[in-house]
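*Asks:* The residues making up each chain are set out below.
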Amino acid sequence: MKPSSILPALLALALGAGATLGLLLAEQQWHVATLAIVAVAALFVGGRLGLGDRVYRNAEAHHRIVMPAAWTLAAFVIFALRGHDFELLMLCTTMLYVLAGLGLTVQFGYAGVVNFAAAAFVGVGAYTAAVTMTHTGMPHLLVVLASGVVAAIIGSVLLLPLLRTRGHYAALITIAFGILFRTFLEVNDTLGGPQGLKVPAFTLLGHDFNEAIVFADETEWSFYTGYALLILVVLGAAYTLVRRLERSWIGVGLDAVRLDETAASAFGLNAAAWKIAAFSIGNFLAGVAGALYAMLTAFIAPANFALGDSLILVSIVILGGLGNPLGLLPAALIVVVLPEKLQVIQEYRFLLFSALVIAILLLRPGGLIPRRARLWFPGGRP
Amino acid sequence: MDPAVLAQHLLNGTMLGVIYALVAVGFTLFFGVLDVIKFSHGDVVMLGAFTALATSTGLAAFDIDSTIVLVLILVSAIAVTALLGALIARFLVLPLRDAPTLNVLLITLMAGTVIREAVRLFYPQGSNPKPFPRLLPTGAMEFGAFTFRHDSAILLAIGVGAIVATHLLVQKTRLGLAIRAVAQDAETASAMGIPFRATVLATFALGSALAALAGVVNGLHYSEISFNMGLLLGAIGFSAAVIGGLGNVYGAILGGFIFAALQTIGAVALPFASAYKDVFAFGAVILLMAWKPGGLLAERSAERV
Amino acid sequence: MTAPLLVAAGLSVRFGGVRALDGFDVEIRTGELLGLIGPNGSGKTTFFNTVTGFVTPAGGKVMFAGEDITALAARHVARRGVARTFQRLRLLTELSVFDNLMLGQHLVLDHGVWTNLFARWRLRNQLRAQIEAARGVLSHFSATLPDRLFEPVAALTMIDRRRVEVCRALMRAPRLLLLDEPSAGMTPDETAELMGDLQNVKAARPDLAVILIEHDMGVIESAADRCVVLDYGRKIAEGDYATVTRDPAVRRAYLGEEAD
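Residue numbers (this note's numbering), protein chains in the order written: chain A, 1 to 382; chain B, 383 to 687; chain C, 688 to 947.
Treat the hints with care, since some could be wrong.
Straight-line alpha carbon distances no greater than 25 Å define the calculated SDA-like cross-link-like pairs of lysine to any residue that follow [stated by the list, open to error]:
(1) B:K674 / C:F741
(2) B:K659 / A:A306
(3) C:K748 / A:N270
(4) B:K674 / C:V705
(5) B:K659 / A:T262
(6) B:K659 / B:L614
(7) B:K512 / A:T183
(8) B:K512 / A:I276
(9) B:K674 / A:A306
(10) B:K674 / A:Y239
(11) B:K659 / A:I276
(12) B:K674 / A:L351
(13) B:K512 / A:S156
(14) B:K659 / A:A272
(15) C:K889 / C:G905
(16) B:K512 / A:L351
(17) C:K889 / C:A842
(18) B:K674 / B:L393
(19) B:K674 / C:H763
(20) B:K674 / C:R767
(21) B:K674 / C:D712
(22) B:K674 / C:A760
(23) B:K674 / A:N270
(24) B:K674 / A:A272
(25) C:K748 / A:S156
(26) B:K659 / A:L351
Hint data in this document are derived by calculation from the structure and do not stem from the laboratory.
Note that the structure is a prediction, hence the values are computed from the model and not measured.
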């Protein structure tokens with residue numbers, strides 16, 4: 001088989017990185033708006049013309065080069081932003097939304113389990129991190145993991161009713177839990193009440209991440225650089241694992257549960273058990289995102305983890321393309337960065353994003369980057 | 383417990399129950415005909431309340447008898463919400479009939495957000511709670527710790543009247559028959575000549591009209607409305623409909639009262655933190671659903687294997 | 688005489704006021720192809736649903752290979768070697784033919800986290816083996832389907848979809864195969880083809896017992912070793928095709944009271 005060129009894939013990567021940097025660094029509102037519109041239009045048009053397909057197949061065919069290249073490029077983007085505090089913070093927040101979105105993708109995109117309390121689980125992770133960091137000496141990397149585990153466990157508490165019920169019930173239960181969680185936090189003074197909690201800085205091997213990184217020649221990098229790289233590593237690991245999950249026997253099982261529980265049971269699947277597993281994995285990722293978010297912002301409050309935020313996360317997953325982790329990044333950029341940059345739409349962002357999701361569901365349900373058929377072998381056919 | 387206090391709780395609980403029942407019946411009707419959960423319903427309730435408020439503000443310039451104002455605001459609220467309900471059905475829900483059911487869930491959820499945000503952003507001072515006009519006779523009867531507001535009696539009458547009217551409509555009219563037929567088996571109903579789309583639109587209009595009523599009653603009772611009152615009400619209405627068994631109108635009514643009872647019990651049992659009453663009520667709902675996933679009165683739909 | 692593979696005794700199933708099954712008895716032995724016929728609504732699919740664990744009977748028992756499986760849930764029944772197709776085709780149309788066949792293989796596949804997420808070379812080996820197995824089963828039914836293994840089911844014709852559904856049920860080499868109106872939506876030629884292919888499979892697997900629900904009498908006549916007729920949830924006739932179709936009770940069930 002004639003090897004296909006790697007250029008389209010690398011070109012797409014470069015464009016993506018460029019667009020991200022441009023979006024983050026642009027100062028003028030109309031620059032930002034133009035860039036966003038052009039980028040989205042490019043995705044749509046590219047999809048229509050079949051370019052998306054070509055790039056995708058190229059990227060998959062050369063995945064051994066393209067994947068590391070992508071992550072390196074991401075690190076480069078972070079490096080390029082090393083002097084910009086606010087832009088790095090936005091990038092970090094975007095990446096954390098992507099991480100939580102990955103969790104939601106496993107729950108909703110693969111297993112068909114509705115979760116309207118994603119933000120609450122992020123909150124569980126955040127508060128777990130805050131409390132463990134303040135009151136114990138647990139190494140901070142472990143704290144991140146523990147936060148994910150706690151979120152997964154609390155999620156499993158909701159699971160008993162979920163197991164015996166269908167889609168819309170799961171929706172109700174998660175909404176109820178979201179309300180419950182926030183009320184519980186606000187009424188509970190030991191966890192800071194509505195005022196919130198302060199979170200200590202992340203430290204690794206003695207280095208305090210809340211301190212700017214100073215070099216011998218007195219150049220200074222924003223302290224967010226450390227966090228950005230940390231989050232990038234975690235995101236990379238999560239993304240790789242979720243991708244592998246989909247392209248495996250587990251992925252087939254999850255899809256079967258989502259598409260037709262009856263048929264799945266007829267062939268031996270324990271639909272309930274699979275849903276628990278997916279729900280827990282997703283909440284674990286949400287919890288990890290929450291812990292990192294807490295350390296990043298050094299301060300958390302119940303208001304950060306409300307129903308509106310859960311709906312934003314759901315919007316990101318739908319907008320990006322349900323079941324396709326690739327779409328999460330552009331969607332998260334649109335949802336997180338755009339309102340920050342376009343001050344005019346800040347107030348209107350919930351309204352706009354809801355309207356956007358409605359439009360997507362009616363006109364292009366596949367989202368920005370629709371999910372593709374399961375590609376068992378990265379190089380194409382076996 | 384002091385019987386007067388008990389009576390007060392009972393009265394409050396009944397009031398809440400009526401409001402919740404009105405909302406829950408909407409949810410259950412929508413589910414019955416289309417197997418969908420219209421998540422925007424709570425926000426439609428809110429919109430009904432705000433429409434009523436806007437109308438009464440507009441009418442304040444003229445010196446009109448408050449009973450007439452009450453009738454007018456009810457009419458305007460019902461007209462607006464019924465229309466909106468039908469539009470949502472026509473443009474958002476029906477087109478997605480063949481899509482995965484979760485898409486409909488999402489689209490209605492987003493529609494609810496659009497309604498909520500639109501009110502917050504475009505109604506003058508939308509983000510602040512707004513006083514609702516007092517159009518009913520003030521004054522109350524007092525029996526010790528028990529206060530029976532005169533307007534409570536009227537509101538209860540309105541609410542119960544609406545519920546009874548809905549019951550009669552569903553059971554005794556041709557439209558009601560059409561709704562029940564479509565709810566049971568849409569294909570056969572169409573084959574029998576029942577216009578599917580029209581029935582669905584009518585159902586959504588009906589359910590949304592009840593929402594307006596719920597919104598106005600709510601406003602009159604608490605004398606205040608806010609743009610996000612729909613969220614909690616919607617969650618409660620949905621829970622109530624689920625408790626009673628989705629698709630079952632009587633179940634929805636029962637569920638409404640049960641949820642009100644749960645909230646009241648929660649408030650009584652945990653007097654130190656009244657906010658916990660919601661935690662208690664929703665927690666109880668979750669447990670209830672774990673025990674009886676189909677609702678207390680059976681759900682009216684089944685999947686063919 | 689060997690013991691029967693499946694014995695259903697006195698099965699009663701009620702849905703609300705309707706008696707879907709009303710004291711239904713039936714047996715099937717290994718290697719047999721039993722035709723299950725009866726007017727619409729007579730309880731045939733309900734019988735399948737009861738055997739496969741989707742419905743719990745109000746009364747009666749189902750014994751499979753000597754074990755009482757009456758109360759077992761669907762996934763446990765599947766484990767014991769019972770496979771089925773559905774009246775209303777239940778394929779995962781979004782997914783590829785291969786993925787659908789892999790659902791049939793579910794109980795055999797390795798779902799370990801290590802293999803699926805980390806030791807990807809092991810997954811690749813398993814994948815290759817399964818691709819071969821899938822192609823093997825498909826080749827019994829179609830010369831073209833094995834080459835279309837990775838196409839979405841949505842792209843297939845109705846008859847190819849039915850073939851895939853049957854293959855899905857055959858992947859794990861079940862002991863008992865329940866086919867629910869496999870010929871629905873097919874032309875007579877296609878139906879004949881399907882039944883021919885099924886006979887080939889049976890020849891290759893002589894122990895496979897099959898219960899076939901069908902409305903097409905031609906299929907029953909050519910394929911079934913024995914027939915059972917259901918009406919209003921009870922057995923009204925049993926025997927070979929000729930006997931059963933001559934039975935006046937059967938004629939009455941299908942055609943109504945005979946005019947005198």
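*Asks:* Taking the hints in turn, state whether each one holds.
*Replies:* Do the hints match the structure? See the list:
Pair hint K674 of chain B plus F741 of chain C holds up; C-alpha atoms about 19 Å apart against a cutoff of 25 Å. About 19 Å separates the Cα atoms of K659 of chain B and A306 of chain A, which keeps this hinted pair within 25 Å; it holds. Proposed proximity of K748 of chain C and N270 of chain A is supported: the alpha carbons are some 24 Å apart, at most 25 Å. Straight-line distance between C-alpha atoms of K674 of chain B and V705 of chain C comes to about 23 Å, which keeps the hinted pair within the 25 Å bound.
Between the alpha carbons of K659 of chain B and T262 of chain A the distance comes to roughly 38 Å, so the proposed pair goes past 25 Å and is violated. Between the alpha carbons of K659 of chain B and L614 of chain B the distance comes to roughly 13 Å, so the proposed pair stays at or under 25 Å and holds. Restraint check for K512 of chain B and T183 of chain A: the C-alpha separation of about 23 Å stays at or below 25 Å, so the hint holds. At most 25 Å may separate the alpha-carbon atoms for a hinted pair to count; K512 of chain B and I276 of chain A exceed this at roughly 43 Å.
The suggested pairing of K674 of chain B with A306 of chain A is violated, with an alpha-carbon distance near 28 Å, which exceeds 25 Å. For the hint pairing K674 of chain B with Y239 of chain A, the CA-to-CA distance comes to about 38 Å; that exceeds 25 Å, so the pair is violated. Only pairs whose Cα atoms come within 25 Å are accepted, and K659 of chain B paired with I276 of chain A is rejected, the gap being roughly 29 Å. Between K674 of chain B and L351 of chain A, the direct Cα distance comes to roughly 37 Å. Violation of the 25 Å bound is thereby established for this hinted pair.
Taking the CA atoms of K512 of chain B and S156 of chain A, the gap is about 40 Å. The hint is violated against a cut of 25 Å. With a C-alpha separation of about 31 Å, the suggested pairing of K659 of chain B with A272 of chain A is violated against the 25 Å cut-off. In summary, the hint linking K889 of chain C to G905 of chain C is supported, as the alpha carbons are separated by about 19 Å, within the 25 Å threshold. Between K512 of chain B and L351 of chain A the CA atoms are separated by roughly 21 Å; this keeps the pair inside 25 Å, and the hint holds.
Between K889 of chain C and A842 of chain C, the direct Cα distance comes to roughly 28 Å. Violation of the 25 Å bound is thereby established for this hinted pair. The hinted pair formed by K674 of chain B and L393 of chain B fails the criterion: a straight-line CA distance of about 28 Å is larger than 25 Å. Between the alpha carbons of K674 of chain B and H763 of chain C the distance comes to roughly 24 Å, so the proposed pair stays at or under 25 Å and holds. Among the hinted pairs, K674 of chain B with R767 of chain C is inconsistent with the structure: their alpha-carbon atoms are about 30 Å apart, more than 25 Å.
For the suggested pair K674 of chain B and D712 of chain C, the alpha carbons sit about 33 Å apart, so the restraint of at most 25 Å is broken. In summary, the hint linking K674 of chain B to A760 of chain C is supported, as the alpha carbons are separated by about 19 Å, within the 25 Å threshold. Taking the CA atoms of K674 of chain B and N270 of chain A, the gap is about 20 Å. The hint holds against a cut of 25 Å. Taken as a hint, the K674 of chain B and A272 of chain A pair is honoured in the structure, with Cα atoms around 16 Å apart against an allowance of 25 Å.
The suggested pairing of K748 of chain C with S156 of chain A is violated, with an alpha-carbon distance near 36 Å, which exceeds 25 Å. Taking the CA atoms of K659 of chain B and L351 of chain A, the gap is about 30 Å. The hint is violated against a cut of 25 Å.
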